[in-house]
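Chain X is already provided as a structure; the job is to place chain L on it using the hints.
Protein sequences appear in the order of chains X and L. 70 is the number that the UniProt record's numbering gives to position 70 of the first sequence; each next residue is one higher, with no gaps. 142 is the number that the UniProt record's numbering gives to position 142 of the second sequence; each next residue is one higher, with no gaps.
Source of the hints: derived by calculation from the structure; they are not laboratory data. A virtual CB, placed ideally from N, CA and C, is assigned to each residue, including glycine. Be a bit skeptical, because a hint or two may be false.
[Claimed, not checked] Once the Cα atoms are required to be at most 20 Å apart in a straight line, the calculated EDC-like pairs of lysine to aspartate or glutamate come out as:
id, chain 1, residue 1, chain 2, residue 2
1, X, Lys53, L, Asp105
2, X, Lys79, L, Glu175
3, L, Lys55, X, Asp102
4, L, Lys48, X, Glu107
5, L, Lys54, X, Glu135
6, X, Lys52, L, Asp90
7, X, Lys79, L, Glu78
8, X, Lys62, L, Asp93
9, L, Lys8, X, Glu90
10, L, Lys48, X, Glu135
11, L, Lys107, X, Glu107
12, L, Lys54, X, Glu129
13, X, Lys52, L, Glu78
14, L, Lys55, X, Asp103
15, L, Lys48, X, Glu129
16, L, Lys54, X, Asp102
17, X, Lys62, L, Asp90
18, L, Lys176, L, Asp90
19, X, Lys52, L, Glu140
20, L, Lys107, X, Asp103
21, L, Lys54, X, Glu126
22, L, Lys54, X, Asp103
23, L, Lys62, X, Glu90
24, X, Lys104, L, Asp106
25, L, Lys55, X, Glu129
26, X, Lys104, L, Asp105
[What the hints assert, rightly or not] Just a sample of chain L residues kept apart from chain X, beta carbon distances all over 12 Å, derived:
id, residue
27, Met39
28, Asn64
29, Gly146
30, Lys205
31, Arg224
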Amino acid sequence: MADEVVVFRVWDSPFSYRVELALALKGVNFRRAEEDLKNKSSELLLYNPVHKKIPVLLHAGKPIAESLVILEYIDETWKQNPILPVDPYERANARFWATYVDDKCLEILWRACWTRGEEQQKCISEAGERLRTLETALEGKKFFGGDTIGFVDIVVSFLTPWMEVLQEMARIRLLEEENYPRLCRWVRDFSSCDVVKETRPPREKLVAFFATLKPPN
Amino acid sequence: MAESEDVKVLGAWPSPFVMRARIALNLKKVDYEFIAETMHPKSELLLKSNPVYKKIPVLFHKGNPICESLIIVQYIDETWTSVHPILPADPYDRAIARFWAVYIDDKWNPRMREYNMANTDEERAAVAEQIFAGAKLLEEAFQTCGKGGKWFGGDAVGYVDIVLGSWLGWIRVTEKMSGLKILDGDKFPQLAAWADRVCAEEAVKSVMPEINKMLEFGATMMARLKAASSAK
Chain X
1 MADEVVVFRV
11 WDSPFSYRVE
21 LALALKGVNF
31 RRAEEDLKNK
41 SSELLLYNPV
51 HKKIPVLLHA
61 GKPIAESLVI
71 LEYIDETWKQ
81 NPILPVDPYE
91 RANARFWATY
101 VDDKCLEILW
111 RACWTRGEEQ
121 QKCISEAGER
131 LRTLETALEG
141 KKFFGGDTIG
151 FVDIVVSFLT
161 PWMEVLQEMA
171 RIRLLEEENY
181 PRLCRWVRDF
191 SSCDVVKETR
201 PPREKLVAFF
211 ATLKPPN
Chain L
1 MAESEDVKVL
11 GAWPSPFVMR
21 ARIALNLKKV
31 DYEFIAETMH
41 PKSELLLKSN
51 PVYKKIPVLF
61 HKGNPICESL
71 IIVQYIDETW
81 TSVHPILPAD
91 PYDRAIARFW
101 AVYIDDKWNP
111 RMREYNMANT
121 DEERAAVAEQ
131 IFAGAKLLEE
141 AFQTCGKGGK
151 WFGGDAVGYV
161 DIVLGSWLGW
171 IRVTEKMSGL
181 KILDGDKFPQ
191 LAAWADRVCA
201 EEAVKSVMPE
211 INKMLEFGAT
221 MMARLKAASS
231 AK
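Next comes chain X alone, as it looks inside the complex:
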């Protein structure tokens, strides 16, 4: 089909999930092209020669890489159920928090779950500060996008189920209800959205997958 939409993805990636969630929110049909990251397809290497990473969105034969760039493309191409607000200042705010999540939260949250000992304690402490900052963005709002899921909600979707599974495995609790009431409520509200339930990877599958990744001793 001339305007076929393909997402190069791996089932366990929170980054390719962002793209799939955005397309699902807009009701756009797409084909999933599952990648084996240890044996990347010639198509992936063709479509993302610079980074050789997923996700890649292929639309009418044209490839786009980088999840945040893809999300903006999706929003500009399919106008129904907007992901970004209309007002330029609110758009700036949404972009601000999305890049804050990517630049300041992702890695430290991941490291808090995979490190041990003193390093882990430092990571947990730093992760806590970042989550505290992120919590402020939810003030007075159900979702980061307001009454409905938006750009930032999609970007922070790795909090559930990925971070839930990782915290359980590491036997730590970063998102405590009493410290982060808004974020915890957000997790519940986000998880109960039909479109999220229909698109997210199964929790048990993630548990099994992460169990195969060994943390350092």
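For chain L alone, coordinates are given in the frame of chain X:
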């Protein structure tokens, strides 16, 4: 001329990120007040308007603060829409422009600092190779994005021109300090010609610091960084 709508930029002259905000406003012919940030210590205004990062630039418009240079440039483009579009009109072209902006900031430009901080010839050679590989990609990107025009933005200065152009001063400082020819006209003819063009562009020229001032500032900063890293 766009009417003055109480637009301010909080920044400092050495910062390429601050330059981006100013270039974008210049292209849009928007009058603004430049507030020079004190930096050491950081001003109350900076701490209040950018509590998350405490960094310049901050754009103020109608009393609202906007932070992060790429976000500021997009805000400027989406607010003053009737003059000089910065991002392309087509969504795919916009995606490609955004892609290269992220590449330049996250992958390519950090190599310059790595090169300056390298201690051995081997390290330097390895980083230089990465710098040249990146420049080659950007030379190709110039063709794809520019579509035969004089700029990454085609016929007019655009998003990638601003993002990469704002680094030119510091790239030239790295070249002078290290002796490494990065924007080599033999290796990267389009990029080298583009670089001269950008520096001569009015909207850029007026906010690009003078090279000797930058060299002096760069030397001080390098000394401080090297002292800090050897103290570890």
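Taken at face value, is the distance from the CA of X:Asp103 to the CA of L:Lys107 at most 20 Å? Since the Cα atoms of L:Lys107 and X:Asp103 sit roughly 14 Å apart, the hinted pair holds (cutoff 20 Å).
Satisfaction of hint between X:Asp102 and L:Lys54, Cα-Cα up to 20 Å: holds (18 Å)
Quick one, are L:Lys55 and X:Asp102 close enough, alpha carbons at most 20 Å? Holds, at about 18 Å.
Need the status of pair X:Lys52, L:Glu78: alpha-carbon distance at most 20 Å? violated (31 Å)
Is it true that the CA of L:Lys48 sits at most 20 Å from the CA of X:Glu129? holds (18 Å)
Pair hint outcome, L:Lys8 versus X:Glu90 [Cα-Cα no greater than 20 Å]: Cα-Cα ~18 Å, so holds.
Was L:Met39 rightly flagged as not at the interface, with every chain X Cβ beyond 12 Å? holds (22 Å)
Given the hint that L:Lys54 pairs with X:Asp103, test it: the Cα-Cα distance must not exceed 20 Å. holds (15 Å)
Minimum Cβ-Cβ distance from L:Arg224 to chain X exceeds 12 Å: Nearest chain X Cβ is 24 Å from L:Arg224, so the label holds.
For the pair supplied as a hint, X:Lys52 and L:Glu140, confirm whether the alpha-carbon distance does not exceed 20 Å. Between X:Lys52 and L:Glu140 the Cα gap is close to 17 Å, so the pair holds against 20 Å.
Exclusion check [L:Gly146 not at the chain X interface, CB over 12 Å]: holds (17 Å)
Take the C-alpha atoms of X:Lys79 and L:Glu175, compute the straight-line distance between them, and say whether it is at most 20 Å. violated (46 Å)
Hint violations for this structure: numbers 2, 4, 6, 13, 18 and 28, all remaining hints satisfied.
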